[in-house]
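Engineer: The primary structure of each chain is shown beneath.
There are 2 protein chains.
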Amino acid sequence: MTKTIKNAFYAQSGGVTAVINASACGVIETARKHPDKIGKVYAGRNGIIGALAEDLIDTGKESDATIAALRYTPSGAFGSCRYKLKSLDSNRREYERLIEVFRAHDIGYFFYNGGGDSADTCYKISQLSESMGYPVQAIHVPKTVDNDLPITDNCPGFGSVAKYIAVSTLEASFDVRSMCKTSTKIFVIEVMGRHAGWIAAAGGLIEDYGFPVVILFPEVEFDEKKFLAQVDAKVKQHGHCTVVVSEGCHYPDGKFIAEQGAKDVFGHAQLGGAAPVVANMIKDALGHRYHWAVADYLQRAARHIASKTDVKQAYELGRAAVNLALRGKNSVMPTIIRTSDAPYKYRIGCADLKDVANVEKFMPLDFISKDGYGITERCKRYLRPLIAGEDYPKYENGLPRYVTLKNEAVRRRLPEFDI
Amino acid sequence: MTKTIKNAFYAQSGGVTAVINASACGVIETARKHPDKIGKVYAGRNGIIGALAEDLIDTGKESDATIAALRYTPSGAFGSCRYKLKSLDSNRREYERLIEVFRAHDIGYFFYNGGGDSADTCYKISQLSESMGYPVQAIHVPKTVDNDLPITDNCPGFGSVAKYIAVSTLEASFDVRSMCKTSTKIFVIEVMGRHAGWIAAAGGLIEDYGFPVVILFPEVEFDEKKFLAQVDAKVKQHGHCTVVVSEGCHYPDGKFIAEQGAKDVFGHAQLGGAAPVVANMIKDALGHRYHWAVADYLQRAARHIASKTDVKQAYELGRAAVNLALRGKNSVMPTIIRTSDAPYKYRIGCADLKDVANVEKFMPLDFISKDGYGITERCKRYLRPLIAGEDYPKYENGLPRYVTLKNEAVRRRLPEFDI
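Residue numbers (our numbering), protein chains in the order written: chain R, 7 to 425; chain G, 7 to 425.
Treat each hint with caution, since some may be false.
Copies of the same chain look alike in the list, so a pair counts if it fits in one copy or across any two.
Below are the DSSO-like pairs computed for lysine-lysine, each with C-alpha atoms no more than 30 Å apart in a straight line [unchecked claim]:
#	residue 1	residue 2
1	Lys289	Lys90
2	Lys12	Lys231
3	Lys400	Lys360
4	Lys187	Lys12
5	Lys92	Lys231
6	Lys187	Lys92
7	Lys90	Lys242
8	Lys46	Lys386
9	Lys242	Lys67
10	Lys46	Lys187
11	Lys360	Lys412
12	Lys289	Lys92
13	Lys400	Lys318
14	Lys335	Lys360
15	Lys261	Lys289
16	Lys351	Lys400
17	Lys242	Lys351
18	Lys351	Lys90
19	Lys90	Lys232
20	Lys351	Lys92
21	Lys187	Lys367
22	Lys376	Lys412
23	Lys46	Lys232
No wet-lab data here; the hints were simulated from the structure.
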């Protein structure tokens with residue numbers, strides 16, 4: 007256990023969410039309660055890039071009230087980045103630079119708030135820091151709307167996206183039902199999820215309200231004929247149909263139905279536009295009028311309709327990360343361990359990063375209905391508690407009172423570094 | 007004034023909104039308070055089509071609690087339609103059929119809840135019913151997310167869409183600001199508004215939070231070069247930029263930037279897809295990474311984030327319609343008369359339908375900034391009260407408890423009619 011007072015470093019990584027700042031709030035508020043162990047809490051400006059560039063933010067300059075407001079503010083308050091550190095072999099100097107910056111600022115705790123890539127980075131830093139003789143306790147705080155981290159029951163960020171998609175799909179389905187007699191019969195909503203259909207699955211919850219819905223999962227290879235038959239049957243029965251399509255929906259050969267050609271910085275295809283493709287297919291084959299929406303960032307930024315469960319867990323995992331550090335843990339990630347579906351019960355656990363890094367969690371096969379276009383009751387039991395409860399931000403003049411931090415820089419102590 | 011008890015007929019017309027059912031609630035609850043004047047309240051199943059087909063719904067079968075729940079339920083609870091009656095000359099038999107149905111069911115009050123087209127229909131029915139010797143008091147209840155009806159300060163439905171767009175644009179802008187260092191610098195959101203930029207204007211409210219935003223109005227002819235210069239300047243200053251594009255954004259020759267070829271039942275081009283067009287333009291010219299969203303039905307169905315002002319006014323105008331009828335008025339529409347911006351004050355007025363029918367209200371020129379890509383302080387003063395306040399529905403298991411009516415049919419008394 008760290009005996010002396012050390013500073014902490016916190017960074018946000020990858021795509022931001024409606025509740026990643028709630029985790030930041032949990033980390034900072036908990037750290038502030040232990041001034042005998044944790045000195046300053048520094049944050050990386052724009053994620054890990056801030057550490058490499060020694061561009062640190064002094065969160066101590068923010069009032070308690072401002073830090074508390076982070077719980078209600080979507081996005082990454084310190085800036086995030088899409089920047090994956092290469093392997094230790096191919097770019098050891100980046101890892102060494104991180105350790106140098108930590109050493110220069112007396113940082114003994116590293117809290118990294120992100121998904122699979124950042125769990126991997128966090129793991130490597132914990133390994134390297136020991137071998138470099140400057141031990142840093144590296145704790146990963148889970149965050150990803152994709153819900154694809156292993157071990158934990160769910161990932162903060164997911165519950166709120168799931169709620170947004172379930173609510174929005176429900177509302178749009180009420181709309182199309184009103185219009186279907188003479189006009190729109192098909193509503194298509196495109197949702198995030200490149201490899202895993204967790205977010206799309208949330209649209210399936212509207213079946214409980216009697217609405218017909220067809221889901222296109224990344225886990226199920228796209229078969230145009232079978233898909234159109236599903237839609238046709240639903241329209242014949244109900245007069246209308248809602249389609250939820252994952253951005254990662256793809257043909258058997260792996261080609262995304264939405265492929266645009268552009269690639270992101272990791273070389274992944276930049277997706278978007280599966281909805282109009284699917285809508286046009288239906289129009290061509292069945293002749294129905296359609297409308298389509300692409301939720302994109304709206305879904306992951308929608309703090310206004312965040313899940314109360316999700317916000318609470320995001321905060322608790324931030325707090326747990328600090329408590330794990332104070333208990334001397336290293337190279338771990340706090341997790342949610344579900345003990346009951348209804349009523350929802352869970353406790354906070356702890357996973358070793360070596361078991362988390364580079365493991366992607368897909369939907370269990372028994373969460374997808376046999377025909378491949380819906381979700382099972384088991385999936386619904388899993389999802390319902392995650393979207394439960396509302397946790398509204400305060401409003402002013404009709405708009406949420408989200409906070410923007412001062413983000414004051416810490417004085418640099420090292421020479422510049424070429425990223 | 008009607009001396010004897012007459013039944014009322016209520017129908018929803020055109021695209022539905024988050025609050026059109028609040029108007030229905032206002033009509034039905036107020037009618038129920040006057041059993042000495044108003045007997046049954048019938049609703050048209052799927053709008054005016056229900057009247058033509060003599061497919062009437064007996065709202066008396068719904069409990070007071072269910073009718074009260076309409077205030078919190080988006081969409082058209084009785085079904086709506088896109089069906090514009092032709093001119094009296096070219097299809098007199100449809101108008102005559104409506105009067106026959108009204109006569110057969112002892113209907114003395116006609117409440118038509120819609121936009122410009124339905125105001126016109128309502129007006130014609132009031133004229134024809136007199137000439138046919140079966141006087142019906144025809145009252146139009148304004149509804150349109152497009153906010154394009156004249157005389158009234160605003161149209162119920164608009165305030166809630168405006169709030170949804172302002173909140174969503176704000177949230178997505180927080181998101182892109184977090185990501186812009188290494189990834190997305192441009193966020194494009196496409197909003198409704200074929201001819202009038204009222205909805206797009208709402209995105210401009212995020213300037214109050216310091217976010218850079220470029221708006222593409224239908225009122226301003228699209229100029230790619232000037233537009234890209236605007237975006238370029240904002241990205242250079244802020245590192246990121248949000249673009250709000252109306253579906254009706256078009257080139258000087260009238261061609262929509264999003265034109266898909268499909269047409270709706272009125273022969274209007276079916277739009278959608280302006281966002282990816284704009285996003286690609288920026289990528290090609292400036293090289294920035296982008297994300298785009300198309301809100302489509304999500305924006306007009308989003309009862310979960312409806313404006314309290316809007317819900318209240320939708321209800322009040324429904325109530326006012328009945329009160330106007332009880333005062334013997336005919337061929338009128340209740341309106342909102344604004345008397346103060348801040349604090350927002352208004353009273354309910356009354357417009358003659360002859361002054362409403364077929365008049366489209368565009369944005370005043372002094373609501374659009376001189377450069378054509380933003381809104382003025384005057385526009386903000388207009389918009390702010392309309393998005394003010396929240397009026398949350400109740401939730402159950404994480405989803406809003408929206409109501410679906412029984413919609414029991416009234417026994418037919420007439421022969422079938424070929425629509």
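Engineer: None of the hints should be skipped; say for each whether it holds.
Structural biologist: Evaluation of the provided hints:
Taking identical chains as interchangeable, the C-alpha atoms of Lys289 and Lys90 lie at most 30 Å apart only when they sit on different chains, with a minimum of 23 Å there against 41 Å within one chain. Within a single copy, Lys12 and Lys231 get their C-alpha atoms no closer than 61 Å, and across copies no closer than 53 Å, so neither meets the 30 Å cut-off. Taking CA atoms no more than 30 Å apart as the test, Lys400 paired with Lys360 passes in neither setting, with 40 Å inside one copy and 43 Å between copies. In this homomeric assembly, Lys187 and Lys12 come within 30 Å of each other (Cα to Cα) only across copies, at 29 Å, whereas the closest approach inside a single copy is 67 Å.
Taking the closest pair of Cα atoms, Lys92 and Lys231 never come within 30 Å of each other, the shortest separation being 42 Å inside a single copy and 40 Å across copies. For a Cα distance limit of 30 Å, the shortest separation of Lys187 from Lys92 across copies, 19 Å, qualifies, whereas the shortest one inside one copy, 56 Å, does not. For the identical chains of this complex, Lys90 and Lys242 are inter-copy neighbours only, at 25 Å across copies versus 49 Å inside a copy, given an alpha-carbon limit of 30 Å. Proximity of Lys46 and Lys386 under a CA criterion of 30 Å is satisfied in neither setting, with 43 Å inside one chain copy and 42 Å between copies.
Taking the closest pair of Cα atoms, Lys242 and Lys67 come within 30 Å of each other only across two copies (28 Å); inside a single copy the shortest separation is 61 Å, beyond that limit. With identical chains, the CA atoms of Lys46 and Lys187 are at most 30 Å apart between copies only, with a shortest distance of 25 Å across copies and 62 Å within one. In this homomeric assembly, Lys360 and Lys412 never come within 30 Å of each other (Cα to Cα): the closest approach is 36 Å inside a single copy and 56 Å across copies. When the C-alpha separation of Lys289 and Lys92 is checked against a cutoff of 30 Å, the pair qualifies only between copies, where the shortest distance is 27 Å, while the shortest distance within a copy is 46 Å.
With identical chains, the CA atoms of Lys400 and Lys318 are at most 30 Å apart both within one copy (17 Å) and between copies (20 Å). When the C-alpha separation of Lys335 and Lys360 is checked against a cutoff of 30 Å, the pair qualifies only within one copy, where the shortest distance is 14 Å, while the shortest distance between copies is 76 Å. For the identical chains of this complex, Lys261 and Lys289 are neighbours both inside a copy (22 Å) and across copies (23 Å), given an alpha-carbon limit of 30 Å. Taking the closest pair of Cα atoms, Lys351 and Lys400 come within 30 Å of each other both inside a single copy (28 Å) and across two copies (23 Å).
For the identical chains of this complex, Lys242 and Lys351 are neighbours neither inside a copy (41 Å) nor across copies (49 Å), given an alpha-carbon limit of 30 Å. Taking the shortest Cα distances, Lys351 and Lys90 never come within 30 Å of each other, neither inside one copy (35 Å) nor across copies (54 Å). Taking CA atoms no more than 30 Å apart as the test, Lys90 paired with Lys232 passes in neither setting, with 39 Å inside one copy and 36 Å between copies. Taking identical chains as interchangeable, the C-alpha atoms of Lys351 and Lys92 are never at most 30 Å apart, the minima being 39 Å within one chain and 60 Å between chains.
Only between protomers do Lys187 and Lys367 lie at most 30 Å apart by alpha-carbon distance; the minimum there is 29 Å, versus 42 Å within a single protomer. In the homo-oligomer, the alpha carbons of Lys376 and Lys412 never lie at most 30 Å apart, since the shortest distance is 52 Å inside one protomer and 32 Å across protomers. Taking the shortest Cα distances, Lys46 and Lys232 never come within 30 Å of each other, neither inside one copy (58 Å) nor across copies (47 Å).
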